[in-house]
Amino acid sequence: NAGVMQNPRHLVRRRGQEARLRCSPMKGHSHVYWYRQLPEEGLKFMVYLQKENIIDESGMPKERFSAEFPKEGPSILRIQQVVRGDSAAYFCASSPPLRASQETQYFGPGTRLLVL
Amino acid sequence: AQSVTQLGSHVSVSEGALVLLRCNYSSSVPPYLFWYVQYPNQGLQLLLKYTSAATLVKGINGFEAEFKKSETSFHLTKPSAHMSDAAEYFCAVSERGGANSKLTFGKGITLSVRP
Chain A
1 NAGVMQNPRH LVRRRGQEAR LRCSPMKGHS HVYWYRQLPE EGLKFMVYLQ KENIIDESGM
61 PKERFSAEFP KEGPSILRIQ QVVRGDSAAY FCASSPPLRA SQETQYFGPG TRLLVL
Chain B
1001 AQSVTQLGSH VSVSEGALVL LRCNYSSSVP PYLFWYVQYP NQGLQLLLKY TSAATLVKGI
1061 NGFEAEFKKS ETSFHLTKPS AHMSDAAEYF CAVSERGGAN SKLTFGKGIT LSVRP
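Chains A and B, in that order, are what the protein sequence lines are. Taking this note's numbering, I'd label the letters of the first sequence as residues 1 to 116. Taking this note's numbering, I'd label the letters of the second sequence as residues 1001 to 1115.
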């Protein structure tokens, strides 16, 4: 059973460009979470999605950031007009759709975004 | 609201020595608690989790943690450190009975193991 997959693993963007980060959950998992890890910081929750629905986006910046998890295909975290402060590691995690609050989240290897 | 405190950012032990990584939490409802390990440039791997069964939880790689409600703690221990244990360790909490299992993480502790 393949784990959570994220691509690209490394992404370099210039200020003002768009960044698209992809996450394919583990097989059978329908819950996806995105977290951001800034240097010297722990992971911070950004958004929780189920297929075609955003369930909790309380950790998402109000502007420039969006996320989706379509019926088919991977979950996408999109950052428009990137700034240097967006440089971070972005992790996706997935969990199965049972008794959500105690289910283990399985993390992908992350996408390391560098904004020049 | 929930929070996790991991005091100190770096712990160094000798190979074979006891590992103790501290974690204290704050939660308005009974929590679920997790320890994750992160190796350089990799994702997070679950070490163990507490979900209201036994208060002493055994995980992978010889690690264990004890949930102490009175102390709001969930410290991670290993009797004998191995060089391969060198990594960053994160304690996390989620809300029991919550609508989702979003995790609130501590800042992490880097464990170094000296030969």
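Any given hint might turn out to be false.
Result set (EDC-like, lysine to aspartate or glutamate): computed pairs, CA atoms no more than 20 Å apart in a straight line [to be verified]: (1) K44/A - E68/A; (2) K1058/B - E68/A; (3) K27/A - E63/A; (4) K71/A - D56/A; (5) K1068/B - D1085/B; (6) K1107/B - E68/A; (7) K1107/B - E40/A; (8) K44/A - E1088/B; (9) K1069/B - E68/A.
The set of hints was computed from the structure by calculation and includes no laboratory data.
Tested hints:
1. Proposed proximity of K44/A and E68/A is supported: the alpha carbons are some 18 Å apart, at most 20 Å.
2. This hinted pair does not check out: K1058/B and E68/A have alpha carbons roughly 36 Å apart, beyond 20 Å.
3. Under the criterion of a C-alpha separation no larger than 20 Å, the hint pairing K27/A with E63/A is inconsistent with the structure, at around 32 Å.
4. This hinted pair checks out: K71/A and D56/A have alpha carbons roughly 18 Å apart, not beyond 20 Å.
5. Distance check on the hinted pair: K1068/B and D1085/B sit about 24 Å apart at the alpha-carbon level, beyond 20 Å; violated.
6. Of the supplied pair hints, the one linking K1107/B and E68/A is violated, its CA atoms being roughly 27 Å apart against a limit of 20 Å.
7. For the given pair, K1107/B sits about 7 Å from E40/A by alpha-carbon distance, which is consistent with the 20 Å threshold.
8. Taken as a hint, the K44/A and E1088/B pair is honoured in the structure, with Cα atoms around 16 Å apart against an allowance of 20 Å.
9. Only pairs whose Cα atoms come within 20 Å are accepted, and K1069/B paired with E68/A is rejected, the gap being roughly 38 Å.
Comparing the model with each numbered hint stated earlier shows that hints 2, 3, 5, 6, 9 do not hold.
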